[in-house]
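Got chain Y; can you put chain F on it based on the hints?
As they're listed, the protein sequences go chains Y and F. Positions 2 to 715 (the working numbering) are the ones given, in order, by the first sequence. Positions 2 to 715 (the working numbering) are the ones given, in order, by the second sequence.
Which copy? The list can't say, so a pair holds if one copy fits it or any two copies do.
Simulated crosslink set (DSS-like; lysine-lysine; CA at most 25 Å straight-line):
#  : residue 1 : residue 2
1  : K19       : K63
2  : K651      : K63
3  : K284      : K708
4  : K669      : K515
5  : K147      : K19
6  : K63       : K647
7  : K284      : K365
8  : K647      : K669
9  : K591      : K353
10 : K154      : K651
11 : K568      : K698
The hints are simulated quantities; they were obtained by calculation from the structure and are not laboratory data. Predicted, not measured: the structure shown is a model, and the values here were computed from it.
Number of protein chains: 2
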Amino acid sequence: MYKIVISFFLFISPVLLKANDGYKLWLQYLPFENIAVADYYRDYLENITLLGNSPTHEVIRKELGISITGFFEGRTTPNISSDNTNSGLIWIAKAEDLPESFRNLLGERLNEINDEGYLIKYIQGKILVTSNSDFGLLYGTFALLKNIQTRGKLEGLDILENPKIKLRLLNHWDNLNRTVERGYAGFSIWNWHRLPHHIDQQYIDYARANASIGINGASVTNVNANALVLTPEYLEKAAALADAFRPYGIKIYLTARFNAPMMLDNLPTADPLDPRVQAWWKKKAEEIYSYIPDFGGFLVKADSEGQPGPHNYSRTQADGANTLADAVKPYGGIVMWRAFVYNEKTPTDRIKQAYDEFKPLDGKFRDNVIVQVKNGPLDFQPRELFHPLFGAMPNTPLMMEFQVTKEYLGQESHWVNLASMWEEILQSDTYAKGKGSTVSKVLDGSLHQYNLTGMAGVSNIGTDRNWTGHHTGQADWYAFGKLAWNPESNVGEITEDWLKMTFSNDPDFVNSAKNISLKSYETLVNYMTPLGLHHIMARSHHWGPGPWVTGGGRDDWTATYYHRADKNAIGFDRTENGSNALGQYAPEWKKVWGDPETTPLEFLLWFHRVSWNQKLSTGNTLWDEMAMRYQQGVEGARWMANEWAKLEGKIDQERYSHISSFLNIQVKEAEWWRDSCLLYFGQFSGRPLPKGVEKPKHDLEYYLNFKRNFVPGI
Amino acid sequence: MYKIVISFFLFISPVLLKANDGYKLWLQYLPFENIAVADYYRDYLENITLLGNSPTHEVIRKELGISITGFFEGRTTPNISSDNTNSGLIWIAKAEDLPESFRNLLGERLNEINDEGYLIKYIQGKILVTSNSDFGLLYGTFALLKNIQTRGKLEGLDILENPKIKLRLLNHWDNLNRTVERGYAGFSIWNWHRLPHHIDQQYIDYARANASIGINGASVTNVNANALVLTPEYLEKAAALADAFRPYGIKIYLTARFNAPMMLDNLPTADPLDPRVQAWWKKKAEEIYSYIPDFGGFLVKADSEGQPGPHNYSRTQADGANTLADAVKPYGGIVMWRAFVYNEKTPTDRIKQAYDEFKPLDGKFRDNVIVQVKNGPLDFQPRELFHPLFGAMPNTPLMMEFQVTKEYLGQESHWVNLASMWEEILQSDTYAKGKGSTVSKVLDGSLHQYNLTGMAGVSNIGTDRNWTGHHTGQADWYAFGKLAWNPESNVGEITEDWLKMTFSNDPDFVNSAKNISLKSYETLVNYMTPLGLHHIMARSHHWGPGPWVTGGGRDDWTATYYHRADKNAIGFDRTENGSNALGQYAPEWKKVWGDPETTPLEFLLWFHRVSWNQKLSTGNTLWDEMAMRYQQGVEGARWMANEWAKLEGKIDQERYSHISSFLNIQVKEAEWWRDSCLLYFGQFSGRPLPKGVEKPKHDLEYYLNFKRNFVPGI
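The shape of chain Y in the complex, shown without the other chains:
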């Protein structure tokens, strides 16, 4: 007996040794690190009262069981009472289910909780978690668990949270054959072949993870859509997913191929104003709702990159959206209509086209349509300005589309904290109603009183054992949920919470890893696209550098279209003298960005054509500054790898090594970017590399000929 008790006290080291493939995400519920910590939480966790009965209550009960088993390593049996005379120390119940004495104690605060919100309040030695809805209660439970996971104090807790945005969705660009467009973490987790008969545990864990960060919807199929998903064969399968997700508060959305009436039922047209087409969508909606009574609605990519759309019939985007919106309206469904519309035949600067097309349609959409706008006007580049539509559509609700998957950011093997980028966008000021009219306020509806609000994240999830390829891709998923719930959330706090829940509460680890994470975004921009460069990646798969990409039929898909480098200068003039994309922004910005002297260096070449030997505010010429930033990026990546190496032994070896291995790839690829871009642009600048910038490892020829087969994600 002596031996057993002793070894029990050594229980930290096995945790570090244990295999951990990261599948549990931020819901690791890691064991309490010592007896004191365990004892602090024990009394509370062993005395829980959960009132009410619904499938969501069952989910709450299970989650408490999983977490308590984790915290105490199975050494205590979760005992959750459903008796409202119980002397529980944690009470979890909707307001209407609480004993009146508690309701009276909470008083007015109860009225501040909205549909999906919750209140956690420490009162008279007990912790109350309450809400107006089942889902609010689930969110509250996860919030309490997060508090424990991050080792927060329980006494004095007083948290009232309401989501600031209504539609908080993941967009999966998953094809029915399970490939994932721009997916770098393996293949689609949706096994359509086994559906509807087999509901995999992974679907449940997916729903748990999403619910834990407040995500309440999932569009499960690619925006480059296959109409088959609207047939009974697939509706039955989608319904099975919807059933599995329902208790977690997650609605299913499907992508609608605009010409589905033609593809599925041989209609002669998909013209949105043709009564046969309108009738077809109405019937289709009726059919869908017979399978999925709470179907969320459609997500549509039209008139873009080969997808059919209203243009084919000389109709507007509003005509298209409204026809689908009318069909789902009777059932409470919505349409998310993407603003990512552009065409190589339009002679205008590509980044201007969405604004030109949608701005005149402001106010012409049905009230159950929301226009989904990418964060920037080009396409998920490492750094872009905010999209000029934000602030420009006061009468049409706009929702944000962020890309959680890293199409242009090194794909899955680079550590880059996307929340840093998203924060930059969300805090950008549109000046739509004067100073302080941030993108964040457009999105939460407060600026224009939108009736619908939303944020979508293009998912980075796949069949990889850790879901996201890079373990830190989980942080992006997590942060997306948190920012969708509240776009004003602090990114530092999000990062810190995620690290604690996912890896360890060891402050040395948390501080160092947080530091790496928060520096990762700027580092990546430096080694990929410093000074406002954009769209200089390899063709088609978008992995690695390709500043030399030119020709091939679509100028707007080449690098030279965007950087326009020649012997004298580099950059795209988007001022009044050029494409005047600048004209789509507020006057306040025109002043700043209209002049290269006042344009922040991060956006210099986005707006201006600048000569190679132009002196910049840093005192360096443009060429020297560019070279030095590429070098800084490489050094930043090396620094990340070195800092991480110091953390060995502080977390489990399996995830430590995995991240190390990916950081080594990141350093190599940062060098690849630097060397190939500087060799390529150096041809034009004709200038030597400044001091401190390493000589490229190979000649330009080598990089031009570097070709890899079967790059994933296409």
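Showing chain F alone in chain Y's frame:
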């Protein structure tokens, strides 16, 4: 303290509650079920001496750590001494590293151990695990751990094992884009894009699992080969895999596309007798070995289903194989040349063609060629006779190709214990040298004194979290390894060991689950292809029934070519009066199978055309017997599901539910097979269903029109 100690004693229930996705396969190292069991093994496991230093010793050390952590749930720290004066109770060391006193005690027995074999011997209160090689020691360690996992006694252990077969390989039909031909467990686990820089933990766990069952080679790419895998880009990646696998005794093999000299280097021909082609292969081999010094060799599919081969140049299969064999010979490499050669233009019965082509070439292959023959002459049907080449090639080594993935057996969602089928094949008598000339003896080389021996299994592994889709697919992987090590292994024991190591030692569970497993094969044959029916599945994806498949350009890929049903009769006459495929077997078999009266009912329609109202030995007409067998199959599947349902609570809920869910699919699909086949064949027989056979749920039209998109595995 009281509370902690108490709850420690309850440690079984958390194991049942814990999430278990099956990733750990049969290397679960489940916690000891009670203190008595733990105490019995504790003294041994806490006193281990491991002598010697090599990467494989490091692997052994880690495996001991993992297993001990598992057995004791991290409550004891593995302490493994490398000091040969230690008083360890378990000694693990190669014979040459053992102290002389131990060597003297073992005496003559040491000489009985071959290169890869091992001896486990209890002697003077200690357990000795010894071998002549590092890999033998690894196999011995896994054998000892298996003994503990299955709760065997340690005192008195005396196990001497040498593998009976030299080449024990998995064949992965994995494409470079990560799709898997005939793969039903997701996608390829080989992430070529991340190689060579990232070695995933899954590769290591793959190697551990294989080593634990004696597999010593892996051909990692599809036999429908892409020549790119022979380029430096991919050789560098394959080399990284080889490096990862090496300490586990697993060699890498690659599939060679026969016209690679043309595809990669624009040679005008791939004629195996052309000196330029021969020089090309020699240079290619030199290149490959510069990347992978212990490269195993090539696996080749030629002149089959669209693959190029020696036929294109009017050369023989021996000509083709020998050219490649000469290239790898200087490095110790081999060529595995597949006998699966057939052609729709050859007018002969498809199942005769491989024998006709290869038999005359007996003795014409180089000594580093081994011909790889599928278990049966058609193509991995639910039930086939053994291939007539076995026993017919005394001067050319033959190796077995079994299909671990279940292309024709319901794919991943049916529980069918493939070892039952394999045992039937291995124990079949070829009569090549009189009675007792079993396929097993052909394979182990004892019948014809082959210098090379081998067994290959077409892998069922994919990205699914449990590796194999169905949890019981792991049993097929496990059993394949065990039978490759020793084709005389007892299938009942294999099944029982696997159940214990994978799920639980609870005898109620083990007995019931074993019973289900051992009945599963006959059940499946009954609901799919009773009475010798074959190749009656759906076109192309081979999922589900398709007895109506006809036309389409290749008769030998249709169902009607094989069953030939009409109003009078059904079956393929392969006697002397028909195709005389029978003539390829020994005279002893011609007597038995030449007469429908003496042909076992399992092979009746394989050899004979039989009229619908022919009375069989069972007393039933052919039609009634067929219908009743389909019904029996369905009832068998239902019985399996019911028996399994009784086991809830005896193992972890996650895997219990997963298997339940798949069993429900199996029952549905068994009904689908029965209903559609009986409706289809009933058209010809014109007879009513006999009593006890349920009426089909739908009409034939329904089944004919049943179509599913994106069936996996193509």
